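Asks: Sequence:
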Amino acid sequence: MNPKKMLAAFLLFSLNAVLLGNQQKIIKDDLDFPYILTSPPQRIISLAPNITEILFDLDLGEKVVGVTRYCDFPEKALKKEKIGGLIDLNLERIIALKPDLIIGFRGNPIRTIERLRGLHLPLFVLEIGKNLETVFIIIEKIGTITQKEKKAEILVESLKKRYNKTQAALRNVQHEPRVFLSIHGTGLWTCGKGSFLNDLVEKARGVNIAGNIRRKWLHYNREQLIHDNPEVIIILSKSQREFSNVKDWIKNEAHLKGIKAVETDRIYFLDENLATRPGPRLMDALEELARILHPQFFKEER
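Following numbering that gives the first Met the number 0, the numbering of the sequence shown begins with 0 at its first residue and continues without gaps.
Please note: incorrect hints may appear among the correct ones.
Stated by the list, open to error - Derived DEER-like restraints, expressed as beta-carbon distance ranges: (1) Ser38 to Lys259: 54 to 62 Å; (2) Pro108 to Arg42: 16 to 24 Å; (3) Arg42 to Asp227: 43 to 51 Å; (4) Thr143 to Asn211: 51 to 59 Å; (5) Arg42 to Ala167: 24 to 32 Å; (6) Ile136 to Lys164: 20 to 28 Å; (7) Glu139 to Ile35: 14 to 22 Å; (8) Glu148 to Glu222: 50 to 58 Å.
No wet-lab data here; the hints were simulated from the structure. These figures come from a predicted structure and were not determined experimentally. Beta carbons are placed, not taken as given, at the ideal position from N, Cα and C, and that holds for glycine.
Can you build the whole structure from these sequences, using the hints too?
Replies: Quick look at the structure:
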C-alpha cells in the first residue's frame, strides 16, 4: 500500500477510536430522567447516608466533596463539606462545590430535586431500598454512573456470599419467633409490610408482628402489642443509653409486663444506623438479627 494511503488509513482509524472512546452513554435514573455518562466524576455530592457509605466502599471517598449532616460513616465522611440534611438541602452550597455528579434518592424533597434539575446540575436519583436485593441494585447503579462497575460487582458478590452463609446457618430453623421492632428510640413506632426492616426480619427467620400492615412506618398501640404478644423485642437505637431508656420504659410499663419478650427478658439492642440505611451495612444488621433470633445456630461465632 502507498505510504500516504497507509498514513491516511491509520489517521482515520485513530480518529474513529477517539470518537468511539469519547462516545457519550445515556442511562436513566429511577425517576426516568436521562443521565449522560462521559468521563469518571471527580467531584461527587451525596444526598443520603447510605449513598455516602456505598461511595466510600467503592473507593470513591477522595472524590466526595459534599455530604449531608447525617452522613457519619465511615469516619472520613465527617470531614466532608456539609450541604444540609435529607430534606433541607443548601442549594447555594451545593452549587459552590461545583459537582460533576450529585446522587440523590426519592426521600429527598421533590421540589429540591426539581430545582437541581432546573439548574442543569448533573443529578442521578435512586429509588429507596425496599429490601436487600434492591440494595444490590443500588450499589450496581452507583458503580455504573461512577464507572466503578468492577468494584461494585465485587462488593455485591461479597455481600451475597455473606447472605448465603447466613441463610445456610438458618436452614434448620423450626420455629420463627414473633418479633416487635421498636424504631427511632420512641417505644411503639415500628415498621410494616414493604419496609426493608420487615424484609430483614423475614430473612432472619422471624415474624414481624406488624408485617401484615401495609404501611412502612406506623405507631403500634399497646392493646395490639399485648394481643400479638411478641417473643422478642428489638429496639433500634443510636446508643446504648437510648436503648436502656426505651427498654426500661417497656419493662416498667404495667400493661406490658405480661408480654412474653418482657417476661423472658428477650429485649435486644440493634444499631439504628445499621438497620435503617439501605447500604452495605444492612448485611451487618441481618447477621446480627439472625444471631439474636436464633443464637443456637451461631454458637461457633461467639
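Asks: For every hint, state whether the structure bears it out.
Replies: We went through each hint and held it up to the structure:
| no. | hint | in the structure |
| --- | --- | --- |
| 1 | Ser38 to Lys259: 54 to 62 Å | holds (58 Å) |
| 2 | Pro108 to Arg42: 16 to 24 Å | holds (23 Å) |
| 3 | Arg42 to Asp227: 43 to 51 Å | holds (50 Å) |
| 4 | Thr143 to Asn211: 51 to 59 Å | violated (36 Å) |
| 5 | Arg42 to Ala167: 24 to 32 Å | violated (43 Å) |
| 6 | Ile136 to Lys164: 20 to 28 Å | holds (21 Å) |
| 7 | Glu139 to Ile35: 14 to 22 Å | holds (19 Å) |
| 8 | Glu148 to Glu222: 50 to 58 Å | holds (52 Å) |
In terms of the numbered hints stated before, the structure departs from hints 4, 5, listed from lowest to highest.
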